Amino acid sequence: MLVNPIKNGTVLDHISAGNGMKLYKILRLNELECPVAIITNAYSQKMGKKDIIKIDGAVALDLDVIGYIDPGVTINKIEDSVVVERKHLSLPDTISDVIHCKNPRCITSIEQELPHKFKLIDRENKVYRCIYCESKFK
Amino acid sequence: MRSLISILDLSVEEIDQLVNTGLDIIENPAKYAHKCEGKKLATLFFEPSTRTRLSFEAAMYELGGHVIGFSDAGSSSASKGESVSDTVRVVSNYADIIAMRHPKEGAPLVASMKSTVPIINAGDGGHNHPTQTLADLLTIRREKGTFGNITVGFCGDLKFGRTVHSLIDALTRYKGVKIVLISPDELKLPGYMKDALDKMDNITYVETTSLENAMPELDILYMTRVQKERFFNEADYIRLKDSYILTPDKLENAKSDMCILHPLPRVNEISVAVDDDPRACYFKQVFNGKIIRMALIMKLLGIE
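One line per chain: the protein sequences are A and B, in this order. The numbers in this note's numbering rise by one with no breaks, and the one at position 103 of the first sequence is 103. Offset between the second sequence (1-based) and this note's numbering: plus 1000.
A portion of the hints provided could be inaccurate.
[Unchecked claim] Straight-line distance between alpha carbons at most 27 Å, and here's what the computed DSS-like set of lysine-lysine pairs gives:
id	chain 1	residue 1	chain 2	residue 2
1	B	K1188	A	K102
2	B	K1188	B	K1175
3	B	K1194	A	K126
4	A	K117	B	K1284
5	A	K87	A	K54
6	A	K136	B	K1228
7	B	K1159	A	K102
8	B	K1114	A	K102
9	B	K1194	A	K136
10	B	K1035	A	K138
11	B	K1159	A	K136
12	A	K102	A	K54
13	A	K119	B	K1159
14	A	K102	B	K1228
15	B	K1114	A	K119
16	B	K1199	A	K117
17	A	K126	B	K1228
18	A	K138	B	K1159
19	A	K102	B	K1194
20	B	K1114	A	K117
21	B	K1284	A	K136
22	B	K1035	B	K1284
23	B	K1199	A	K119
24	B	K1194	B	K1228
25	B	K1175	A	K117
26	B	K1199	A	K126
Calculated directly from the structure, the hints in this document are not laboratory data. Small disclaimer: the values here were computed from a predicted structure and weren't measured.
Between the sequences and the hints, there should be enough to build the whole structure, so can you do that?
Right, dumping it as C-alpha cells:
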C-alpha cells in the first residue's frame, strides 16, 4: 500500500495500533479541508504494529490531547518535504476539557462554563485528578 | 492576594504563626479589638451552617470589623441561577474578604480564581474545611503542647468527613504521628488518601472497626457525625448512623489525659454523659475556632 509523502503538513507517527481512529475523531480531523490519511496496523520494528496519521496541510493540533490519549506519539512537522521539527510527546501535566469530571458533587456538575481541568498526579499509573474536587478520573 | 482553600495552602511555618497569633489573642484580646476597623467580611453560605457562619461573624466583630452576607442559597442570587463565579465577582466589590460555604466540591477554588479579594473556604461538600482544621490544630496545641509524636484516632464517617480529611492532611507534615482509622467498612478513609499516607515516612496508620480496641493507645480521639446529607440512600444512613457511639464506659480504657475532639454538631455519637469528663474538649474547639478565624482574617487581610 502506498501513501504519497506530504510536502507541507504534519505526520503523527508511532501511534499505538488502534488509537489512530480515536485520535482522528477526538482531534476532529474530519473537519479539515486538506487531505488526511490514516494508516492502521503499519509494520513497526519497535512496536510491531502502529498507526500513522498524515495531514497534508497546516493545522494547529492540541498536543495535550494527543499526549493524554497516546503519550508515545511522535509529531513530525514537514516543510518543503523535509522534517523540520520532531516532538516526542509525554503525558501532559494538566489537561483541560479533554476528560470530564464524573463526581456529581463537583462544582463542574453545575457551573456549565467551567473548563474541566485535571492534573497529573501519578505519571507511572496515568492518574489524573480534577483540580476542583480532586476526584480521580476513572 | 492570598486565599485559603485547602489546609495545604498554608506552610507549617504559617500554621505555627496562626496558632501563635491565636494564643496571643486569647492572652490579650483587647490588643485585637480594633484590628479590622473599616473592613467588611462577606459570609456567602450556599448551604446552611449556623455554627461556622456565626464563628466567622463573631471573629470579625471581635476584630472591630463588619459583616455582610447570606445564610442559605435560597436567599441569594444562586436561586435565580447565578454562577459562583459571577456571585463572587459581584461581592468582591462590596467586601474586603469572603468566607464561603458551598455544597459543591471545588466551589471556593473557582471563587478564588475570579475574586479580587481573599476567599476563605468555609466548607465545600465532603471535600475540605480548612478553618475547622485550624481550630482542631489550635485545640491540639493548647491541650497537648505539640503536633508531633502523638497517636490520633479518627472515628465514624471517614469517607465523607471533610474535617477528617483536612486534619489528616495537616498532620502528615509533622513527625511521629500515628493515625488510627476507626470506621465501619462502608465509611473507610478514601483510597487516594491512604495511597498518599503509604508514601510518607513520617506517619503511620492502621485501620480498625473496633473503637474499644483502639482506645488505650490514643492521645487524641476525633469523633465525627455520620451525616445524613452525604448519603444518596436513606436506608444506608439509618443502618450506619449509630455504629460508633462514645459512652463513659468505653472511656475506661482510655489514657487519663486523652483529648476528645468533635467538629460538631453532635447528634448521638458522643453521649451527653461524656460532656463532664475533663477529656472532653469539643466545646473548647468551638472557642478556639473563633480565635483562629480571627488570626486567619488578619493574616489574609495583611494586618499585623
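| request: Please work out if K1159(B) and K136(A) have their alpha carbons no farther apart than 27 Å. | output: Between K1159(B) and K136(A) the Cα gap is close to 15 Å, so the pair holds against 27 Å.
| field | Pair hint outcome, K102(A) versus K1228(B) [Cα-Cα no greater than 27 Å] | value | 22 Å, holds
| said: Next pair to validate is K102(A) with K1194(B); report whether the Cα-Cα distance is within 27 Å. | reply: 21 Å, holds
| query | Under the criterion that the straight-line Cα-Cα distance not exceed 27 Å, is the pair K1114(B), K117(A) satisfied? | reply | At roughly 16 Å apart (the allowed maximum being 27 Å), K117(A) and K1114(B) satisfy the hint.
| query | Between K1194(B) and K1228(B), is the straight-line Cα distance small enough, at 27 Å or below? | reply | 24 Å, holds
| query | Given the hinted pair K1194(B) and K136(A), is their alpha-carbon gap at most 27 Å? | reply | Holds - the C-alpha atoms of K136(A) and K1194(B) are around 14 Å apart, at most 27 Å.
| query | Within a Cα-Cα threshold of 27 Å, do K1035(B) and K1284(B) meet the stated pairing? | reply | This hinted pair holds, its Cα atoms lying about 24 Å apart.
| Are the Cα atoms of K87(A) and K54(A) separated by 27 Å or less? | 15 Å, holds
| Pair hint outcome, K102(A) versus K54(A) [Cα-Cα no greater than 27 Å] | 34 Å, violated
| said: So if I understand the rule, the pair passes when the alpha-carbon distance is 27 Å or less; does K1188(B) with K102(A) pass? | reply: The given pair, whose Cα atoms are some 21 Å apart, holds under the 27 Å limit.
| said: Next pair to validate is K1114(B) with K119(A); report whether the Cα-Cα distance is within 27 Å. | reply: 20 Å, holds
| task | Verify the proposed pairing of K1199(B) with K126(A), using a straight-line Cα cut of 27 Å. | result | Holds. K1199(B) to K126(A) sits at ~17 Å (cutoff 27 Å).
This entry does not satisfy hints 4, 10, 12, 17, 21, 25, going by the numbered hints stated previously.
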